[in-house]
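S.K.: From the two separate chains plus the hints, produce the assembled complex.
Top line first, the protein sequences correspond to chains U and D. Residue 14 in our numbering sits at position 14 of the first sequence; the count goes up by one each step and never skips. Residue 500 in our numbering sits at position 500 of the second sequence; the count goes up by one each step and never skips.
Because the hints were derived from the structure by calculation, they are not lab data. A virtual CB, placed ideally from N, CA and C, is assigned to each residue, including glycine. A couple of the hints might just be wrong.
Stated by the list, open to error - Restraint ranges, calculated between C-beta atoms of paired labels, are given here: (1) U:N31 - D:T673: 51 to 59 Å; (2) U:T2 - D:T339: 29 to 37 Å; (3) D:R617 - U:Q40: 48 to 56 Å; (4) U:S73 - D:H11: 49 to 57 Å; (5) U:G93 - D:R328: 46 to 54 Å; (6) U:V64 - D:A149: 18 to 26 Å; (7) U:E39 - D:S42: 47 to 55 Å; (8) D:R617 - U:V64: 39 to 47 Å; (9) D:T339 - U:S97: 24 to 32 Å; (10) U:S97 - D:P9: 30 to 38 Å; (11) D:R54 - U:N31: 33 to 41 Å.
As the list claims (entries may be wrong) - Okay, the calculated bits of chain D under chain U, using three or more residues with CB under 8 Å as the criterion: (12) 67 to 81; (13) 146 to 158; (14) 362 to 374.
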Amino acid sequence: MTFHSSSHISDGVATIRISGELLARSAGQLNRLINEVAEQRPTRVVFLMADLTRLSSAGLRSLVFAHQRLGRSVEIVLVGARPEVAEMIRHTGLDQSVVMQEPMG
Amino acid sequence: MTVARAGYPTHWISGFGVRAGRPLPLGATEVPGGINFAVCSSRATAMTLVLFQRGEREPLATLPFPESFRVGGVYAMTVFGVTPGSIEYGYRADGPFQPGDGDRFDPSALLVDPYAKLLGGAEVWGERDGPKWPTPWRSRLVDDDFDWAGDRRPALPPERLVIYEAHVRGFTRHPSSKVTSPGTFDGLVDKIPYLRRLGVNCVELMPVFEFDELENARFDEDSGQWRYNYWGYSTVGFFAPKASYAAGRHASPVHELKNLIKRLHQAGIEVILDVVFNHTAEGDERGPTISFRGLDNRTYYMLTPDGDYHNFSGTGNTVNCNDPVVRRFVVDCLRYWATEFHVDGFRFDLAAIMVRDADGTPLADPPLVGALASDPVLRDCKLIAEAWDAAGLYLVGGFPSYGRWSEWNGRYRDTLRRFIKGDPGVAGDMATRFVGSPDLYGERGPTASVNFVTAHDGFTLADLVSYNEKHNESNGEGGRDGENVNNSWHCGHEGETDDEEIIALRRRQMRNALLILLTSQGIPMLLAGDEVGRTQHGNNNAYCHDGPLSWLDWSLVDQNADLFEFTRRAIAFRHAHPVLRMPAYPAETAVSWHGARQGSPDWSAESRFFAVLLHQRTNLWHDCVYVAANARWEGHELDLPAPPDGLAWHLFADTSAPAPHDAHEPGSEPLLTDQSRRWIGARSVVVLAARKTSDQGSDKP
Numbered sequence: 001m002t003f004h005s006s007s008h009i010s011d012g013v014a015t016i017r018i019s020g021e022l023l024a025r026s027a028g029q030l031n032r033l034i035n036e037v038a039e040q041r042p043t044r045v046v047f048l049m050a051d052l053t054r055l056s057s058a059g060l061r062s063l064v065f066a067h068q069r070l071g072r073s074v075e076i077v078l079v080g081a082r083p084e085v086a087e088m089i090r091h092t093g094l095d096q097s098v099v100m101q102e103p104m105g
Numbered sequence: 001m002t003v004a005r006a007g008y009p010t011h012w013i014s015g016f017g018v019r020a021g022r023p024l025p026l027g028a029t030e031v032p033g034g035i036n037f038a039v040c041s042s043r044a045t046a047m048t049l050v051l052f053q054r055g056e057r058e059p060l061a062t063l064p065f066p067e068s069f070r071v072g073g074v075y076a077m078t079v080f081g082v083t084p085g086s087i088e089y090g091y092r093a094d095g096p097f098q099p100g101d102g103d104r105f106d107p108s109a110l111l112v113d114p115y116a117k118l119l120g121g122a123e124v125w126g127e128r129d130g131p132k133w134p135t136p137w138r139s140r141l142v143d144d145d146f147d148w149a150g151d152r153r154p155a156l157p158p159e160r161l162v163i164y165e166a167h168v169r170g171f172t173r174h175p176s177s178k179v180t181s182p183g184t185f186d187g188l189v190d191k192i193p194y195l196r197r198l199g200v201n202c203v204e205l206m207p208v209f210e211f212d213e214l215e216n217a218r219f220d221e222d223s224g225q226w227r228y229n230y231w232g233y234s235t236v237g238f239f240a241p242k243a244s245y246a247a248g249r250h251a252s253p254v255h256e257l258k259n260l261i262k263r264l265h266q267a268g269i270e271v272i273l274d275v276v277f278n279h280t281a282e283g284d285e286r287g288p289t290i291s292f293r294g295l296d297n298r299t300y301y302m303l304t305p306d307g308d309y310h311n312f313s314g315t316g317n318t319v320n321c322n323d324p325v326v327r328r329f330v331v332d333c334l335r336y337w338a339t340e341f342h343v344d345g346f347r348f349d350l351a352a353i354m355v356r357d358a359d360g361t362p363l364a365d366p367p368l369v370g371a372l373a374s375d376p377v378l379r380d381c382k383l384i385a386e387a388w389d390a391a392g393l394y395l396v397g398g399f400p401s402y403g404r405w406s407e408w409n410g411r412y413r414d415t416l417r418r419f420i421k422g423d424p425g426v427a428g429d430m431a432t433r434f435v436g437s438p439d440l441y442g443e444r445g446p447t448a449s450v451n452f453v454t455a456h457d458g459f460t461l462a463d464l465v466s467y468n469e470k471h472n473e474s475n476g477e478g479g480r481d482g483e484n485v486n487n488s489w490h491c492g493h494e495g496e497t498d499d500e501e502i503i504a505l506r507r508r509q510m511r512n513a514l515l516i517l518l519t520s521q522g523i524p525m526l527l528a529g530d531e532v533g534r535t536q537h538g539n540n541n542a543y544c545h546d547g548p549l550s551w552l553d554w555s556l557v558d559q560n561a562d563l564f565e566f567t568r569r570a571i572a573f574r575h576a577h578p579v580l581r582m583p584a585y586p587a588e589t590a591v592s593w594h595g596a597r598q599g600s601p602d603w604s605a606e607s608r609f610f611a612v613l614l615h616q617r618t619n620l621w622h623d624c625v626y627v628a629a630n631a632r633w634e635g636h637e638l639d640l641p642a643p644p645d646g647l648a649w650h651l652f653a654d655t656s657a658p659a660p661h662d663a664h665e666p667g668s669e670p671l672l673t674d675q676s677r678r679w680i681g682a683r684s685v686v687v688l689a690a691r692k693t694s695d696q697g698s699d700k701p
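Here chain D stands alone, though its shape is the one from the complex (with noise of 0.2 Å):
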């Protein structure tokens, strides 16, 4: 953007023409002739712009802010004779360095601009061609004009979503996937007819905001592989996608990612970003000073009364989200991205600090959580929330929603889990969780509720039906790290086996878990590599996994050919039918339970089985589905309820049949023979729509 404003120095220093700038908008902005510098610090004595020019290590000048350019808490300089693709710069902040009171200014490290739209030093995953750590960041302009070729978002509403969890780089590292360019924005441009064959609609990438995967690196030498931070939740810089993300056939990191969002939209596919402002990358007082805490480390940072950092995060710091100014650049950073960007939504990583006050109680009305979902431009996006943090403030089903909210819905994983594997006393809380949890979303509807069974965190789809215990060895920390309590099966073995009835069953088991995520009311997410049967052979925390362990293998697309049609069917099956995604909670008269007898639900603590007849009826047409999910190690006969007059039950999917007749084309499914009973196999999921006879056949062969 640049900022019209005529302009001529009134001051020189270090060689360079300047003069007051505008304090606003934070950051540096283009101007006629120059560069417009702005950044706040509330407890600074003193400010010094360096500039370098880019790729090189010693400054090219230093620029102290006179005092007469501080505006309040905001020092702005004009500098002309630079532009924008020839300089890197950074700040130096001067003050106290009294962490009892929790001033940490350090006027030797060279800070990030919090606004900085760009990073340099970085720019090539897991090497460093620039200046050496603690300070590798140099703040970079862009050129913001790009094509956008008329994009329109697809702006869907909630309940018809279909969530793609999905690591830009992990997507297409492995030299399977065949891409051009692999691990960056546009190897994943290159799999969108996948993603648009499988049937999802929207994209969550795990964080694009540059980080550093260097953060704690280490060498393991057991398997003589570097550590690295591999998923990303660690932030160096809010405003700047992750340089190493891109190919480097655009014009810079930013027009690579607003070409794959581009892109996607162009599929008809949402872009949500998983984005992490509950902690930064510079940890605790033993991590290095990046950019917040050498700015004003008491504002942007929860501190104790003796200046110590809270560790709701779990990573060492914690952002201290409900602060005007951190709040106000909070808010500024997620309209940056959905303005420049066109990104349609965002996931908020342990967004339970969110709602925490600077001392870390937990507020009823918080002001960012609040401003975020009031503001005017934020106004289309999703605003999903990880509705917990690392120091137990669980807020699933309470957290503050202000009508727009959503919420990872962590009950629906356990639950959902708990059912397939066979649990007692979980068929009702199962049924309450199918129709969309109302009993936590009571007043704000199912799409509040985003069900998943699997996410980055945690076991694959895959292991979660192979492993009883995590196995997380190979992350050298002496199998410590990870989720102990995964409501996880073997099925009778644990890890890899030969023994085919195993196998069968985990493969049952997989299909169980997806058909019943899929006809639930809310909005699903799946895993990316779920549906082709991704194992990270039993670790459950593979943050720290540049590999094969976390890459998603694409022999496994033809591998478990099966299991991606078993998918594909089940998200058509969802699209086809409104019945399965409503807006609000179905009307008491559009749900029937119903158990072996029709009309006779068990909720019993022994009961391990649930049936659910679904019926939309508008003024205009039918929408008839029935679902039974039997979690026994036996199968019994059913009492189907009577399909809508004129119409007759005909079979979507039934996973205790061999594929290809686990699950058939939607529209196409062939009718039942005996449209009274239907016997349902040990551990499996049928699933029925009625519809008006056809010639599709019948389900016997």
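With the rest of the complex left out, here is chain U (with noise of 0.2 Å):
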């Protein structure tokens, strides 16, 4: 499934809304965006994933990116993890750096 993402900034939280496959050949969009984002010196910057499908180690390398690109003042919130995606954070250890959420609704 081909991955997808957008970014919108507003009062200094970044949305990132990810979908799809985060692989290999996608990690280079999402590091590209979250680069972008960056730029704009949020104070947090959420992941809304619940479409997200499937998550490859080389994918997992652009979220570590994510915390180390926005340092650790920026809090990074992963919303609506499927299960399969949320048990790959938890395994890495990567839930002690960001926090996870429900979505609503």
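M.R.: In structure tokens, the structure reads:
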């Protein structure tokens, strides 16, 4: 399934919606988006990932990259991760550095 | 720092080529060909620079400042042919000795430069290999070249902090620490992985400015041990790190402390220094003349009209913080620590003194407090006040904040202690403390409140639930020292016991305190060792104990692994739930209070219970947590409020459950089998999280 990503920023909160499969070939696209978002100096970055169906280790590195690029002062919130995606994130310990939340509705 | 200035001698004094120096910056600064010395005194009639070869007892040279080298109240002289690494120095100031007028000049005293970046004379803890008291101190210069390796401050928003208060020496001095250099900055580096595992993200270091641990040292014949100034709340050198906290494997103590801070930052941990500007090590008129007293007594200290020392600090003298010269000194000092050491914030000991005028009158707009709040260099530093002093000025909730300052919330500590021990009439107050004390910090927000249940000054957490009374006999003050009102409860027996019921209750009470603390709005602070049940055997003022009573026994990490694990999980739970750490007070719709019955809180005097549902709704996600705390000696059934649509209650913690079921891994909590009711045990706290149901099992065995 094709990977899609989009973002917008409001009141210092950047929202990045990602869907499809985040694999090695799509990680570059997300990294570029993260760089663009980081330039805007958000205070919090929210990844909406309810429609993310697959997360490979290369894709996971993009999320780690976000953590490194944004710095510790920026809180990263992962919203709506599917169980298998959430398990992958927990398995690698990334959940210790981000906040995982349930989506509205 | 090297101040570039082409120079050549214009005078020869005591064999050294010199010239009029630059009055600023104050202190000793390397310049091309020599060192610029600048020291200020508004009342001295003459000033002399005394140079030593490093480590030598007798002076290398004595250089009186020519009158033409004085600019206003600053004596400045550039001395050529000396290098920073080879010399030590001090000053002798002449002037009137008229105590009734506040002047106490004593040209026989070798004075510490207030701006000295390092002090020699006390490099080994508890030993003096230099000149003897009363003037062991020699001011030194340091090479400030240090590879910060691109150090990046964590810059954590205040609401995300979990502070851990530690004593540099006590943290690793115990043989069980198994670090390479026990009791040092390097020793603490070895324990960074432990701090990471625990989950704290800010270390508050008890005083690291140079102090004299041998001040008032005395031998306790009963124990056969020396009693020291162990805590270090008695500064000798405000710009100098404590030399004997260095293991000596770096270029200097300055480099070793910088390395510690760099390594903590790399681990995502901020560093707050506990700073003491309310008094100095000079004490009252009976104390030694070390620096301020001999340079400018009536500028630096608050004096009575008769020239005696005001004693608002309880230690003999009181720094005159709002004098313009002193104010500049404090600002310079903190700028130095923030810029040169990359320090992330400061906690000010007895900060209420900084609110007083020269005669002790509290000021509505204290210049120093305002200056620190508005200083551009300190803009990103956390500023935390211990908002009281030893003379009864209690400003908790009322410390002038200028939109910047936080406070140690002493009322939070007292209320939480009274609540968990089951005092009547506390439930309502506890609820107010729990949501960040809006009655105290309404306009400032919850991060103005640094919440704690224990700190270095007082009982440890294990002792709080094991002793009704302080047991300070070993301090050698006849048991008179230390706080008398501790709001502690021994759970049925004073001190150690093998009664299993009492032991179980104490364990539960510690968990109750930790869990309430770590789910409260505000900034939580833990005392190092409380996470593993460290005891001081009932001593609530262990300031003078440099020994196992004060050192962290690392065997407790294994011995009380269940308590460590509980604390670790509670911290992780806080990090996982923004609803527990909001930057502003939660909206009314985000908080609902409950009793045993849903929506029926009981704030009566007899109530020993509160329950609260915290629900943060953004346009993107929910964060919903329920906390119920029962300080009563009986358990009871709870009606649970409904979780948000599509979510279900999961059990994060129940302190009445045996470990490891007392707390679960955040994100992997078991589903609550009965979503509408829950039993809460006697003297217990239950915490639930609402999330989607997964296959993590249920709370039923």
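S.K.: Each of the hints needs a verdict: does it hold here or not?
M.R.: Status of the hints after comparison with the structure:
| no. | hint | verdict |
| --- | --- | --- |
| 1 | U:N31 - D:T673: 51 to 59 Å | violated (44 Å) |
| 2 | U:T2 - D:T339: 29 to 37 Å | violated (50 Å) |
| 3 | D:R617 - U:Q40: 48 to 56 Å | violated (25 Å) |
| 4 | U:S73 - D:H11: 49 to 57 Å | holds (53 Å) |
| 5 | U:G93 - D:R328: 46 to 54 Å | holds (48 Å) |
| 6 | U:V64 - D:A149: 18 to 26 Å | holds (20 Å) |
| 7 | U:E39 - D:S42: 47 to 55 Å | holds (51 Å) |
| 8 | D:R617 - U:V64: 39 to 47 Å | violated (29 Å) |
| 9 | D:T339 - U:S97: 24 to 32 Å | holds (28 Å) |
| 10 | U:S97 - D:P9: 30 to 38 Å | violated (59 Å) |
| 11 | D:R54 - U:N31: 33 to 41 Å | violated (53 Å) |
| 12 | 67 to 81 | violated (count 0) |
| 13 | 146 to 158 | holds (count 5) |
| 14 | 362 to 374 | violated (count 0) |
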